[in-house]
Amino acid sequence: MVSIWFFIGMILLVYGIVICAAGVYQLYSPPAATLTLSNLHAGIWWGAILFLIGLFYTIHFRPSKTK
Amino acid sequence: MNATNRLLSLSPIDLIIIGVYFAVVLSIGFYLKRYTKTGEDFFLAGRDMTAWIAGLSFLAANLGSLELMGWAGSAYQYGILATHWYWIGAIPAMLFLGVIMMPFYYISKTHSVPGYLKLRYNEPTRALSAICFGFMTVLMSGINMFAMALVLKVMLGWDISVSIWVSSLTVALYVTLGGLLSAIFNEVLQCVLIWAGALLIPILGLIEAGGWNGMVNKIAERLHNPTYTHLWSTLGSFTDNPMGIHWTGIVFGLAWVISFGYWTTDFLVVQRVLAARDLRSARMAPIIASVFKMAVPIIVILPGLLALAVLPMKLVPQSQAGPGMHSYNEVLPLMLARYCGPGLLGLGVTALIAGFMSGMAGNVSAFATVWTYDIYRPMIRKQAPDAHYVSVGRWCTILGVLVSIGTAYLVMQFASIMDYVQALFSFFIAPLFGTVILGMMWKRTTPAGGFWGLLSGTLMALSLYLWVKFDPSALRIVALSPHAKTLAEDMYRALWSWLTCAIVTVVVSLMTKPKPLAELDGLVYGVTKLPAEDALPMWKRPVFWAAIVAVVFVIVNIIFW
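Read top to bottom, the protein sequences are chains A and B. First residue of the first sequence: 1, per our numbering; consecutive thereafter. First residue of the second sequence: 1001, per our numbering; consecutive thereafter.
These aren't lab readings, by the way, just hints derived from the structure by calculation. Quick reminder that beta carbons are idealized off the backbone N, C-alpha and C, glycines included. Do not take every clue at face value.
[Claimed, not checked] Computed far set for chain B versus chain A, every beta-carbon distance over 12 Å:
{"hint": "1", "residue": "Asp-1278"}
{"hint": "2", "residue": "Ile-1405"}
{"hint": "3", "residue": "Met-1412"}
[Said to hold, decoys possible] Computed footprint of chain A on chain B, listed as stretches where at least three residues anywhere in the stretch have a Cβ under 8 Å from a Cβ of chain A:
{"hint": "4", "region": "1019 to 1029"}
{"hint": "5", "region": "1180 to 1192"}
{"hint": "6", "region": "1334 to 1341"}
{"hint": "7", "region": "1548 to 1559"}
Given only the sequences and the hints, what does the whole structure look like? Please build it.
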């Protein structure tokens, strides 16, 4: 059985890429409505954190290894 | 609903994130169906979960609308006092379950808490408990559905009925396919996503408010009231704190009766621990969960407090929220809209949906187990092949969801989600805890004592509720003060209900004949030989980790005194 941690790693990996990419896009094309603390560009670093955690879990619990 | 009536609009990126979530939870259900063949697989996940998975699932099953929406709103309404429901109202009970009670549940090999009552007492006690539990479970499930639909309506303008049907049918599908195994896998996933989506709000909120001290000062300035950020120092009088409660209600009503009742006897959470692969894992699971439980206020209570400090508008009770106004229950969506842009917004919405779905799945899977093993099998069809009961469990899942949908529409009539839930707890959980703890700790407790204690405790809770409902002046007797708010009333009602159960159980037990000691082996403290842990190194023993959590628990209470 594939480990649940692999599923979690995969979804965090995908979310990290999408959120980080959206953050970078907003950096160069800011939305019309400004959010509070938008200058911190939370999407970029939060997306990067999710990506790194997801990458670790995906590799560490990949099916070929857990078998 | 047009765009001006909703808090925010989702971008295509947000919709992708939500779509990926639904795809993954359904995929997990389809994938796990092949591993769910026997009753043990479907109802107890094959009893093969590690301590971490059982522990996170144990926590996530409780992270429904109650946690995310209700308590963030309660933190806005009552201040940091809401943290008591996470700390003294949870941690001691979770440690007690892991250290003291779990061996009896696990060694007895019961499928459910009502099943334990059958072994310890008799069939009528099991039947009463199972019927009460089934009733409470579908009501709770309905609450979850309603809360989620409300969030989606407020945030995104989605129709309440569509939200209820889409989310509930998704849960029905993956639980029907993979049973408890699917529910547990998805709960662990949902637990991670809740943290990933919700943790950013307190981080950014604290930055905006100027840290913890900045937030405390802002709240005191805006409300002209310094009591919102003190955990214990304002509980000396009913009138000194926003909740209108006395420390005796918190300690005896919440910490002792409601908390121990919920965390040690509510089958919704206990079922997750019963799925552990061995006794040590089963004992460690609640202890691991307690660590995360102690941290949950960061993503639930703190956003409510931050909203008091930074939101420009004043939130009101649900019943008073007119056009252009926002209720307490909308705290989290409002904070999400304040800080999160495309992508992060989708993740935040996913976290809320995940919370609601994990709560629903927990209720539905527990309902299917109790209905099948504690009502259908003993009362309707005693002898049938294992596959028949699995099939009944699958149909019960669908039936439970449909009944819950009906309940969701019923819940819309109630002003406050939280108060309703607390009232339910005191009806069923408080007396059940009295019955279980006396049966587990006192070998003299008799089957007649257990049954009449449980029945009288439940009737007492119901009577007190109706008394105050029809004569509000009775509050000064039930809750010891005319100033007590609804939550305080619930605490005291639970306490009286538990005391009634305990007294009746003891008196009836002393007047009736106890079971022979041989029949209590594996069920009662002092009669059961528990497996020794002397061979384990100290750092692997559940007691060691429980002691560490207990020390941290005392320290954080002193810090926020």
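Taking the hints in turn, this is what the structure says about them:
Look at B/Asp-1278: its CB is around 18 Å from the nearest CB on chain A, clear of 12 Å, so calling it non-interface holds up. The Cβ of B/Ile-1405 sits about 28 Å from the closest Cβ of chain A, beyond the 12 Å cut-off, so the non-interface label holds. Residue-level check passed: B/Met-1412 sits 31 Å from the nearest beta carbon of chain A, beyond 12 Å. Using a Cβ-Cβ cut-off of 8 Å, 4 residues of the region 1019 to 1029 of chain B lie near chain A, which meets the minimum of three, so the contact claim holds.
Here the region 1180 to 1192 of chain B counts 4 residues with a CB under 8 Å from a CB of chain A, which clears the bar of 3, and the coverage holds. Three residues within the 8 Å Cβ limit are the bar, and the region 1334 to 1341 of chain B against chain A gives 4, so the coverage statement holds. Using a Cβ-Cβ cut-off of 8 Å, 0 residues of the region 1548 to 1559 of chain B lie near chain A, which falls short of the minimum of three, so the contact claim is violated.
Hint 7 from the earlier list is the only one contradicted by this structure; the remaining hints agree with it.
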